[in-house]
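Chains as they are written, first to last, in our numbering: chain A, 16 to 328; chain B, 16 to 328; chain C, 16 to 328.
Keep in mind the hints are simulated off the structure, nothing from the lab.
There's no promise every hint is true.
Treat identical chains as interchangeable: a pair holds within one or across any two.
Mimicking DSBU-like on lysine-lysine, the simulated pairs with C-alpha atoms at most 30 Å apart in a straight line are [claimed, not checked]: (1) K175 with K247; (2) K146 with K217; (3) K272 with K142; (4) K299 with K261.
Listed below, chain by chain, are the residues.
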Amino acid sequence: MCAAAKLEHLIDIKSLSTEEISAIAERALEIKNMDRGAKPLSLAGKHAAMIFFENSTRTYFSFEMALNKLGASVYNFETSKSSLSKGEDFFDTVNNLAAIGFDACIIRTSEEGLIKRTIEEQKNGRKFFKKIALINAGEGTSAHPTQALLDFVTIKEKFKNLNGLNLAIVGDIRHSRVAKSNIELLNRFGIKIKCVAPSYFKDESVKNVEWCENMEKAFENADIVMALRIQKERIQDIIEFEDYIKNYQITEENLPKNAILMHPGPVNRDIEVTSALLDSKRGKTILEQANNGVFARMAVLEMFLGENRGYNV
Amino acid sequence: MCAAAKLEHLIDIKSLSTEEISAIAERALEIKNMDRGAKPLSLAGKHAAMIFFENSTRTYFSFEMALNKLGASVYNFETSKSSLSKGEDFFDTVNNLAAIGFDACIIRTSEEGLIKRTIEEQKNGRKFFKKIALINAGEGTSAHPTQALLDFVTIKEKFKNLNGLNLAIVGDIRHSRVAKSNIELLNRFGIKIKCVAPSYFKDESVKNVEWCENMEKAFENADIVMALRIQKERIQDIIEFEDYIKNYQITEENLPKNAILMHPGPVNRDIEVTSALLDSKRGKTILEQANNGVFARMAVLEMFLGENRGYNV
Amino acid sequence: MCAAAKLEHLIDIKSLSTEEISAIAERALEIKNMDRGAKPLSLAGKHAAMIFFENSTRTYFSFEMALNKLGASVYNFETSKSSLSKGEDFFDTVNNLAAIGFDACIIRTSEEGLIKRTIEEQKNGRKFFKKIALINAGEGTSAHPTQALLDFVTIKEKFKNLNGLNLAIVGDIRHSRVAKSNIELLNRFGIKIKCVAPSYFKDESVKNVEWCENMEKAFENADIVMALRIQKERIQDIIEFEDYIKNYQITEENLPKNAILMHPGPVNRDIEVTSALLDSKRGKTILEQANNGVFARMAVLEMFLGENRGYNV
């Protein structure tokens, strides 16, 4: 069976089959374990535009490095200097990039549903000049599929069997597209998810998770603890830092003995996690996530842009 | 005959012979029709600085992709962060780039005549450290030679014989360097040009064109209709939009049956051209222009930067 | 003897042995004199982040071209858009870059000692995820080692024997990291250094130089005259331009007959040096410095990033 036919755009985790997710993770680990010189430049001659409406060094560089390692050419689309800032509609922007010769747009935006809406413009009779892949690099507060994929790769590296694992997610679930994409993905692999957060970070619309009253309950039997970033620069007003630190900060003491600690980064030191824990051996998984990000994105890019799109699964 | 000797800088259309223009267009179409893998990296080891004082995603990416496809290295000269913003004169800036090792500067500026003046500083005894090509990517309101060249490539693709074709140019001719470079170029190939515009967009100093009172007259026997972009962000005050739309908007109805529709982009939907027309089959030429832009610029770059500068014509 | 073991970061001139400095300069000249096509891509597969907190076209492009010529991938870390601007500490930023897969950070900053402090965080138990080289591209008012190295290369090209040469440094020594790194480096090779500056540009803490009362005394027997840039945009208030020009401007008349003229650029024409002198034959050394910058940096990057770090010296 070949999934090639439908793999054109990475919209969100929902747009991927469970088999495709597994294939991406396996390929990511395969790439990671290759010799450095052995990596094939499977995207040589491809051209990708990075369209980042939101700043992000980490995700940006991770995609840029993934593209470089695959031999593609990378272009920085400066959103503030583009025709978009003069009112051009996004479909026209993408379509002009297709016409110029681009094979992919890597898109990061705060605008919920932008990618899907752009693709669906084709139903209104508008046509892309040629095939161009739209790849979600973080959208609104609901979708960050490549972050979930790299977290999945990291978990697969640490645990042989995912089915029945217990995951505790701590912190700002409401504003976190990382949390939401992870919940959607990890549920499919039989991971049980508990959430714990102060009231202002709760989001009751999130399904398939158990909300806990406090960290103690959330951490019972936890194999994985996932802290989330507090986006201080955006939501400073609603956070009671003293209270947050007292009730939700992860420390060397409260982190379950056998659990691994994850965080999408950048960490606010001594808020979500103590410096002591971060700088200890147990803090290293967070850097491994960043490390796996490049390999996960290489696997995604191969799948969506490679000559043989999709995998036999 | 070899034109190599004098091809050092692309200043404007005037600086090119008719044979050189033809050679560029033929080479652009040759490159376009090559197999993807067959394209030679004829500029490997060359270094080009993109010096854009004016924003432009389309022209910027088109040049960047052309350079990438030819194997050159591309550098983004951030004009706002450079020594220029500290008052360094432009000759010194270019000369330092030459000293560092650059082979070309791709320049976009609102400053009329900047490129020519910089080159002419050599007459005052100042010397470039080594050969460096200055390539005009849009200058002031009078010159945008590579846009005219890509439009020429697009017209050549559509029509076997250019001599005697009728072109109607609609809209903001006054502020349009695209129009002016096109008029200069296309006149040389025997294309008859009519212009139509509201009074605030007329420019009586433009020669070798026939000014028409209304679209009807301009569109008589037209083979090509070229709409121009209204630079809304710059000249908002002087435009009467309702009037413009009523008298100058191009629609499925008023576009002559056998004419092709061109526009340098980005189009202001439902101002210069209706959305219905843009999204129809007849709107596709505009994207083909964007597509040809890369090939035209590859041909230009080869001619000005390739080891064998110029062509035998 | 192999110096490989300790060559991890380029902190300042002090962090280099005299043998290592000589090895870099010799390698730079070797690279410069290679055939263009013969240059080995010794850093293919390496990834370097350019972290420039201070603007600089010249140093930026010089490093970028050096990396390109060596086959490395270059990434522009936009400091204003990064997590740093959200308060992430610099060690964490560097460590995340290491985790993503970077091999080097090229750093330019006004913050005195930032690079050394970051490296020394490792003594506090924090660990880099993997080896990553920090390369100083200008720091505070005290260190700009690659500028001193490229000046050294330029001097070596001009003079067979450095021991006993006389160097006069003119101008803003106080704020100049170029001057300070040069003094540190050139003293080691037996060059005698005289300094001359108005009171507001003097820095009595600078050692191993002779302060002169006026240019006449400083220029006695000078083999090299090094002018420094007045950073007009930063220190406008304290400069008395008329006085400066009268007493410290270098002209065709006062430049000793056999001396070469150096300046780190960009030159303020008709302030530090007259236009007439700059545009004469004798002004060309300044462009040769820019030219040597790429080769000096290639040698530095090879030494710090090449598979065989360090040289047998």
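Structure-based check of all given hints:
1. Proximity of K175 and K247 under a CA criterion of 30 Å is satisfied in neither setting, with 36 Å inside one chain copy and 59 Å between copies.
2. Proximity of K146 and K217 under a CA criterion of 30 Å is satisfied in neither setting, with 40 Å inside one chain copy and 40 Å between copies.
3. Only between protomers do K272 and K142 lie at most 30 Å apart by alpha-carbon distance; the minimum there is 22 Å, versus 55 Å within a single protomer.
4. In this assembly of identical chains, the alpha carbons of K299 and K261 lie at most 30 Å apart only when taken from the same copy (23 Å versus 61 Å across copies).
Violated hints, in rising order: 1, 2; the structure is consistent with all others.
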